[in-house]
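Participant: Sequence:
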Amino acid sequence: MTYSMDCYFRQSWVDRRLAFQGSNMKTLALSISMLARIWKPDTYFYNGKHSYLHTITSPNKFVRLYQNGSVLYSSRLTIKAGCPMNLEDFPMDTQRCPLQFGSFGYTTRDVIYKWNSARQVAIAEDMKLSQFDLVASPTANHSTAPGFSQAEYSMLLVYFHLQRHMGNFLIQVYGPCVLLVVLSWVSFWLNREATADRVSLGITTVLTMTFLGLEARTDLPKVSYPTALDFFVFLSFAFIFATIIQFAVVHYFTKYGSGECYFSSDLSDTESSNDEEDVTRRIIKNQTTRRKSSASSARGRGNFAINGDSVIEVIPLSAISLPDRDPAISEHWQISCVTCSPPPRQMPPPPPPSRRATSSASQRRRRRAPRFNSVSKIDRISRVMFPLFFLTINLFYWYAYLSRSERIHYYNSNNA
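Numbered according to my numbering, the sequence shown spans residues 1 to 416.
Honestly, the hints are just simulated from the structure, not real lab data. Treat each hint with caution, since some may be false.
[Claimed, not checked] Listed next, the in silico EDC-like pairs over lysine to aspartate or glutamate satisfying Cα-Cα at most 20 Å (straight line):
#1 Lys80 x Asp110
#2 Lys26 x Asp42
#3 Lys222 x Glu88
#4 Lys222 x Asp93
#5 Lys377 x Glu193
#6 Lys128 x Glu88
#7 Lys80 x Asp219
#8 Lys49 x Asp15
#9 Lys114 x Glu152
#10 Lys61 x Asp42
Given the sequences, and given the hints that come with them, work out the whole structure.
Facilitator: See the structure below:
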């Protein structure tokens, strides 16, 4: 990982050959072209990636010479340096980004770098970073021996302690994750027969959670270890996936799950035969009653005739309304309505229903009554256990990472 900064890099050294006296001027502003004619340190950045000098509208540097031979050389640089970040606590992490610089060719026998005790590192008071807070910038003097040389080189070191802002991640990641988990709990209040609704809700939340987790790592460097944000996303994904598993368990232990009213069809053969006998008995009884009523009504009118197994009923024309026609013709008309039906027969009365038949009929009525599934006990328990368990894990999560972040901040402040 890298970071960049815009700074004024100032160096001063003493060259006795440049001392001057006998003048009222204590300092001299030298031309930039004088830098090529005097000695200057060959400073470079050990962990620099890409640094450059600002040259608009002219090279941003100046040289001043004092009477005792001191030279002040200042330049405006943009430095891009490497920072070995540890993202295990991301986005509640605090990073220590170093900046190392020293001489490229002169050893400690030639040049020794030291910090100015008055102002080592000065930070602009109005400086604000979008994602970090600069909490400290401790400095140190250091000497090292590069691997390609046995000689020691003088080096200066400064650490920039950066504490990450969490507001952006709370809005874009943590908040939506919590809302998706809560949304998945809505299925606990849906009927267990609503299979399509509960499955579609679970799949939708899982896909949204997957997209959100991938989007959260878009701007994050590719690291081989999980971060604190990854743990939270995985935790939310696990709760949403557990909601789907919970419905699968509820559906498995539900005996009837069609979602509609139903009638029992698990009747025995004896009960089925009794049903058929009852139906046949009712049909015969209804036919007998209907025939008796037809015969008695025919006798009352007197316009009937019995021919073998048939009963012939004669209805006069005056009893039927016809369209308007010639009265002379209609007097000679007669319409006979012949109803052929077997003569009424005397059927033995049905036996009174036994107690066993009455109980079996009532049992069949109870079985045929429409039933609705009740609320599953697993759903009732899940309505309480899922939110409680999620809240408990969140308390442990935030306490662990925030307390760790505070310890790192306290350690960095003491070192500063």
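Participant: None of the hints should be skipped; say for each whether it holds.
Facilitator: How the hints compare with the structure:
{"no.": "1", "hint": "Lys80 x Asp110", "result": "violated (28 Å)"}
{"no.": "2", "hint": "Lys26 x Asp42", "result": "violated (27 Å)"}
{"no.": "3", "hint": "Lys222 x Glu88", "result": "holds (12 Å)"}
{"no.": "4", "hint": "Lys222 x Asp93", "result": "holds (16 Å)"}
{"no.": "5", "hint": "Lys377 x Glu193", "result": "holds (14 Å)"}
{"no.": "6", "hint": "Lys128 x Glu88", "result": "violated (25 Å)"}
{"no.": "7", "hint": "Lys80 x Asp219", "result": "holds (19 Å)"}
{"no.": "8", "hint": "Lys49 x Asp15", "result": "violated (31 Å)"}
{"no.": "9", "hint": "Lys114 x Glu152", "result": "holds (15 Å)"}
{"no.": "10", "hint": "Lys61 x Asp42", "result": "holds (16 Å)"}
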